[in-house]
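*Asks:* These protein sequence lines map, in sequence, to chains A and B. Per the working numbering, the first sequence starts with residue 414, numbered consecutively. Per the working numbering, the second sequence starts with residue 414, numbered consecutively.
Do not take every clue at face value.
In silico DSSO-like links for lysine-lysine, alpha-carbon gap of 30 Å or less [as the list claims (entries may be wrong)]:
hint: 1; chain 1: B; residue 1: Lys952; chain 2: A; residue 2: Lys960
hint: 2; chain 1: B; residue 1: Lys807; chain 2: A; residue 2: Lys807
hint: 3; chain 1: A; residue 1: Lys960; chain 2: A; residue 2: Lys807
hint: 4; chain 1: B; residue 1: Lys536; chain 2: B; residue 2: Lys610
hint: 5; chain 1: A; residue 1: Lys960; chain 2: B; residue 2: Lys960
hint: 6; chain 1: A; residue 1: Lys952; chain 2: B; residue 2: Lys960
hint: 7; chain 1: A; residue 1: Lys960; chain 2: A; residue 2: Lys898
hint: 8; chain 1: A; residue 1: Lys931; chain 2: A; residue 2: Lys952
Note that these hints are calculated values from the structure, not bench results. Quick caveat: nothing in here was measured; it's all calculated off a predicted structure.
One-letter residues, chain by chain:
2 protein chains.
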Amino acid sequence: MPRLRLALGQTNPVVGDLAGNSDQIVDAAKRASAQGADLLAVGEMAISGYPIEDLASRPSFLADSHRAVERLAKRLQDEGLGDLPVIVGHPDGPFEPRLLGTSNAPTAIAQNCASVLQHGHVKARYAKHHLPNYAVFDEYRIFIPGDELLVLRIRGVDVALIVCEDLWRDGGPLSRVMDADAGLLVVINASPFERDKDEVRLPLVTRRAVETDTIVAYVNIVGGQDDLVFDGDSVVVDGTGSILARAPQFEEHLLVVDLDVAGATGAELPESVARVTLADSTASADVVRTDIATLPDDREQIWNALVLGTRDYVEKNGFPSVILGLSGGIDSSVCAALAADAIGPDRVYGVSMPSRYSSDHSRSDADDLAENIGLHYSVEAIADLVLPIETQLKLTGTAAENLQARIRGIILMGLSNLDGHLVLTTGNKTELSVGYSTIYGDSAGGFAPIKDVPKMLVWELARWRNELAASRGEVPPIPENSIEKPPSAELRPDQTDQDSLPPYEILDAILDAYITRKLGREDVIALGFDAEIVDFVTKLVDRAEWKRRQGAIGPKISGMAFGRDRRLPITYRPS
Amino acid sequence: MPRLRLALGQTNPVVGDLAGNSDQIVDAAKRASAQGADLLAVGEMAISGYPIEDLASRPSFLADSHRAVERLAKRLQDEGLGDLPVIVGHPDGPFEPRLLGTSNAPTAIAQNCASVLQHGHVKARYAKHHLPNYAVFDEYRIFIPGDELLVLRIRGVDVALIVCEDLWRDGGPLSRVMDADAGLLVVINASPFERDKDEVRLPLVTRRAVETDTIVAYVNIVGGQDDLVFDGDSVVVDGTGSILARAPQFEEHLLVVDLDVAGATGAELPESVARVTLADSTASADVVRTDIATLPDDREQIWNALVLGTRDYVEKNGFPSVILGLSGGIDSSVCAALAADAIGPDRVYGVSMPSRYSSDHSRSDADDLAENIGLHYSVEAIADLVLPIETQLKLTGTAAENLQARIRGIILMGLSNLDGHLVLTTGNKTELSVGYSTIYGDSAGGFAPIKDVPKMLVWELARWRNELAASRGEVPPIPENSIEKPPSAELRPDQTDQDSLPPYEILDAILDAYITRKLGREDVIALGFDAEIVDFVTKLVDRAEWKRRQGAIGPKISGMAFGRDRRLPITYRPS
Numbered sequence: 414m415p416r417l418r419l420a421l422g423q424t425n426p427v428v429g430d431l432a433g434n435s436d437q438i439v440d441a442a443k444r445a446s447a448q449g450a451d452l453l454a455v456g457e458m459a460i461s462g463y464p465i466e467d468l469a470s471r472p473s474f475l476a477d478s479h480r481a482v483e484r485l486a487k488r489l490q491d492e493g494l495g496d497l498p499v500i501v502g503h504p505d506g507p508f509e510p511r512l513l514g515t516s517n518a519p520t521a522i523a524q525n526c527a528s529v530l531q532h533g534h535v536k537a538r539y540a541k542h543h544l545p546n547y548a549v550f551d552e553y554r555i556f557i558p559g560d561e562l563l564v565l566r567i568r569g570v571d572v573a574l575i576v577c578e579d580l581w582r583d584g585g586p587l588s589r590v591m592d593a594d595a596g597l598l599v600v601i602n603a604s605p606f607e608r609d610k611d612e613v614r615l616p617l618v619t620r621r622a623v624e625t626d627t628i629v630a631y632v633n634i635v636g637g638q639d640d641l642v643f644d645g646d647s648v649v650v651d652g653t654g655s656i657l658a659r660a661p662q663f664e665e666h667l668l669v670v671d672l673d674v675a676g677a678t679g680a681e682l683p684e685s686v687a688r689v690t691l692a693d694s695t696a697s698a699d700v701v702r703t704d705i706a707t708l709p710d711d712r713e714q715i716w717n718a719l720v721l722g723t724r725d726y727v728e729k730n731g732f733p734s735v736i737l738g739l740s741g742g743i744d745s746s747v748c749a750a751l752a753a754d755a756i757g758p759d760r761v762y763g764v765s766m767p768s769r770y771s772s773d774h775s776r777s778d779a780d781d782l783a784e785n786i787g788l789h790y791s792v793e794a795i796a797d798l799v800l801p802i803e804t805q806l807k808l809t810g811t812a813a814e815n816l817q818a819r820i821r822g823i824i825l826m827g828l829s830n831l832d833g834h835l836v837l838t839t840g841n842k843t844e845l846s847v848g849y850s851t852i853y854g855d856s857a858g859g860f861a862p863i864k865d866v867p868k869m870l871v872w873e874l875a876r877w878r879n880e881l882a883a884s885r886g887e888v889p890p891i892p893e894n895s896i897e898k899p900p901s902a903e904l905r906p907d908q909t910d911q912d913s914l915p916p917y918e919i920l921d922a923i924l925d926a927y928i929t930r931k932l933g934r935e936d937v938i939a940l941g942f943d944a945e946i947v948d949f950v951t952k953l954v955d956r957a958e959w960k961r962r963q964g965a966i967g968p969k970i971s972g973m974a975f976g977r978d979r980r981l982p983i984t985y986r987p988s
Numbered sequence: 414m415p416r417l418r419l420a421l422g423q424t425n426p427v428v429g430d431l432a433g434n435s436d437q438i439v440d441a442a443k444r445a446s447a448q449g450a451d452l453l454a455v456g457e458m459a460i461s462g463y464p465i466e467d468l469a470s471r472p473s474f475l476a477d478s479h480r481a482v483e484r485l486a487k488r489l490q491d492e493g494l495g496d497l498p499v500i501v502g503h504p505d506g507p508f509e510p511r512l513l514g515t516s517n518a519p520t521a522i523a524q525n526c527a528s529v530l531q532h533g534h535v536k537a538r539y540a541k542h543h544l545p546n547y548a549v550f551d552e553y554r555i556f557i558p559g560d561e562l563l564v565l566r567i568r569g570v571d572v573a574l575i576v577c578e579d580l581w582r583d584g585g586p587l588s589r590v591m592d593a594d595a596g597l598l599v600v601i602n603a604s605p606f607e608r609d610k611d612e613v614r615l616p617l618v619t620r621r622a623v624e625t626d627t628i629v630a631y632v633n634i635v636g637g638q639d640d641l642v643f644d645g646d647s648v649v650v651d652g653t654g655s656i657l658a659r660a661p662q663f664e665e666h667l668l669v670v671d672l673d674v675a676g677a678t679g680a681e682l683p684e685s686v687a688r689v690t691l692a693d694s695t696a697s698a699d700v701v702r703t704d705i706a707t708l709p710d711d712r713e714q715i716w717n718a719l720v721l722g723t724r725d726y727v728e729k730n731g732f733p734s735v736i737l738g739l740s741g742g743i744d745s746s747v748c749a750a751l752a753a754d755a756i757g758p759d760r761v762y763g764v765s766m767p768s769r770y771s772s773d774h775s776r777s778d779a780d781d782l783a784e785n786i787g788l789h790y791s792v793e794a795i796a797d798l799v800l801p802i803e804t805q806l807k808l809t810g811t812a813a814e815n816l817q818a819r820i821r822g823i824i825l826m827g828l829s830n831l832d833g834h835l836v837l838t839t840g841n842k843t844e845l846s847v848g849y850s851t852i853y854g855d856s857a858g859g860f861a862p863i864k865d866v867p868k869m870l871v872w873e874l875a876r877w878r879n880e881l882a883a884s885r886g887e888v889p890p891i892p893e894n895s896i897e898k899p900p901s902a903e904l905r906p907d908q909t910d911q912d913s914l915p916p917y918e919i920l921d922a923i924l925d926a927y928i929t930r931k932l933g934r935e936d937v938i939a940l941g942f943d944a945e946i947v948d949f950v951t952k953l954v955d956r957a958e959w960k961r962r963q964g965a966i967g968p969k970i971s972g973m974a975f976g977r978d979r980r981l982p983i984t985y986r987p988s
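I would like the entire structure built from these sequences, with the hints used as guidance.
*Replies:* Right, here's the structure in full:
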């Protein structure tokens, strides 16, 4: 059985940064070559970043991407890496638009490609067949599906190559390429993190390996891109279902593994499958250290996703620092801890903005948090700023409550305008669901670290993060009192969230049924919830759509995040 | 040749309001019956409103829609209208999800249907074949395409029935249904207004009528739904390309026309085409008045679209009134005039919010506007509200400029919270493109009437609206000075827009090339623009994406509106 040394490069591309993303691939190729790899594969769209959305309909962007691939091939050659076959993902085009079947994407001029580079040239190219057009994905809008299949012959081994969704669908290219009797299936991916996605993704890879009796190598990009966090977690599974190698989640990594692969057979190529034979790589090295990373528990995975999503939004958009309001409550405390883990406490600015209704503990809990974390901390009392406006406009009731939140928004935006901080808005998913926030007030900000985290999970994460600190002998970042006290917006005297909302255990459960599971009113009630509460909650959800549309983006960690995952009208009159 | 009296009901549905939308159809059926119609057709999704977006993935919503159609059939029968065949558009399901070809919508459980009601029952049903998945449309995400065709035999005439996009695509259901030798083709539509769309849509209907030598009846819904404005403009064209009837744009209307249709032939039915024979309608009336509406000129169409989009957002969401800031500038003046045309000046509240930098004319022009239009008018000086914040936070430069805009936003939101007004934000498309606005300041609001109107067109519309008033002997609403003076944000002394932006003629032309025509930097420069200006403008556009994502919705009037039409990443680093 031939032995093939495979390297999978888990790179962290920035959308649009063709040069910088290519640098990452050159770096991976250098390391792969130094370790004697016979083949390197990086993720789907590693050249352009993912998702490129409607950049795929800009002809100049496609032409630039096409050229970037050719330039990368030359550069690998120039740097003495030309022998190493490198599989890279990228958009390609512009092509003539084509109308396809019963769906219509008359504007699609791009393909989602995997190119194979060697000796300064593109030796072969594959275009993704199956285009996901659900959840956060809009690929049928922007891509023309491929119709040719590709098998690479490398060191006497046949290597089939597909892209992401191609692996998920039964039949189609997967079964056709398997008919070619390949010994190794390489799948390049841009697959975003979702809580429990690993419970779907790894079993899928395993099932494909076993049902085809083939080694499957799955390489994923890593990093935050707007609301998506790609978690890496690249993995190689053999035909018995054993994991041969696995890269860590949420980190750039080069995974190298020696594979004993069935040699190429004399099998005839099925229709529309091309075979391209590559020269052997001349790199060599004796020993290879193969990682089999283990996944941490659910809460740690979520925390890491939020940290990486926040860090990459800050870094990829060039912000020097972040600023956020610290109310002493659980949400802002968790956001501050996340931000400090993401970019270090030195780049985090917290502002306590007490009003006449703020409790003593709101101030002292914020003080404690700032000290625990070691972030920059200041206090801006708002009473004297609120009063002139309240008086001149004669604001009362909700109008006066919202005014306080909006003055706080103005303070953070003002300080951001002075010093270039990114403003973090600290609302959680439960709040966003029911619209329990002041638009242009506490919702003001460019990034919302916990927007996809329901309130009950916010508490869980806070406790987990404190336990982690304790286990490391560090000061737990989040004050116990912020975790234990009843949540309150403190916009009027002695207010608590439960004055106007059901208990959070019930609220989160109803929201999960209505939003994530898409149940209607009757079906939610049938789960055992009080009809009046269900009506109250679902109406709040429907009415808050306009606020959500104007909300900041934040990292998706669930199977149903607000944003591209859930597209609903604002104008909606349930009958 | 048999004569068929056809009625097309241009209704204005509200998304989700199954009962209210059904009422509209019953009303149309009553009037059609009174006029002796043999057949009534209303628009695509007239039962549910359009677009329903991901409501299509909520099983209870589909089941409710299905029942609403059955209930409507019964109700028509109960009201003595059972004889009249009525074609209605609606979503149907839930069905088992199916994976389709190379595109994937594993979550789609709905179909986009046209049902034929008579004698209290659904007599036949057609499901749309071609699902648009481009521009603002996401139908492949949410619908399963149909695969059966339908021909109705009514009074000895074969009537083929298709839905919207089915008409646009060559081949497929259109050619198959034409092989059935139908004498009349009914197309039900939900086709939103776009500037110059009539130059595409009417020629298409005409081309289809001529190439199939068949009468084509095209019925469209009307009304605003979030950012889309459906313009009606239902039309009937015969096989010679002559317009036999045409409904007015932007109005609910019942179009009735007598058609001399070729009788059914003995042609064999092509594969997967079903024929359903309906009983003759017993309604009769002697005379029918057929309208052939003419389209007004471009500016009037756009004005009407903005008016209807604004009106329906207000009415369908139940707002008692609107409020907006009046700066004396052209944008807020045009928005005030639009709002008054939409819901009457009695429901429009204008607030002048002068600062220490406001010119005398900004106040006096706003006064004049308020008087011309007759809206509610108040003045809230902001200097005393700005000063305490500016002082406490030591804000200077842009931070201090933005503060003024944000205080104005706070005032409007505060008054909205007190009295329930919808806040209109008055930014134009040019501003939104380059981010020339203060987020949470002048961008605050629930609806943006001119967000898809470039600055040059704002001026054109202002002049046109004033001319219209003059031609009617009314007071022109927009003060001449607001049109003629150089535009300025007045956030610092003697500021004008052209201090920081290229002249609007050039700016709008570059934006059109970069945004609407999707040209890259080099291609824009090749049109003859200065490279430095092109770089400056395109960078501003790219960097303002985060602000646009948080912006209010507003009526789409162009082929490339911000929002669902143009989906681009925030995190984007062009290389």
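*Asks:* So, for every hint listed, does it hold in this structure?
*Replies:* For each hint, the structure was consulted:
The straight-line distance between the Cα atoms of lysine 952 (chain B) and lysine 960 (chain A) is roughly 28 Å, inside the 30 Å bound, and the hint therefore holds. For a cut-off of 30 Å, the pair hint linking lysine 807 (chain B) to lysine 807 (chain A) stands: about 27 Å separates their Cα positions. The suggested pairing of lysine 960 (chain A) with lysine 807 (chain A) holds, with an alpha-carbon distance near 25 Å, which does not exceed 30 Å. Restraint check: the Cα-Cα separation between lysine 536 (chain B) and lysine 610 (chain B) comes to about 34 Å, which exceeds 30 Å; the hinted pair is violated.
Taking the CA atoms of lysine 960 (chain A) and lysine 960 (chain B), the gap is about 14 Å. The hint holds against a cut of 30 Å. For the hint linking lysine 952 (chain A) to lysine 960 (chain B), the alpha-carbon distance of about 28 Å falls within 30 Å, and the restraint holds. Between the alpha carbons of lysine 960 (chain A) and lysine 898 (chain A) the distance comes to roughly 28 Å, so the proposed pair stays at or under 30 Å and holds. About 14 Å separates the Cα atoms of lysine 931 (chain A) and lysine 952 (chain A), which keeps this hinted pair within 30 Å; it holds.
Comparing the model with each earlier hint shows a violation of hint 4 alone; every other hint is respected.
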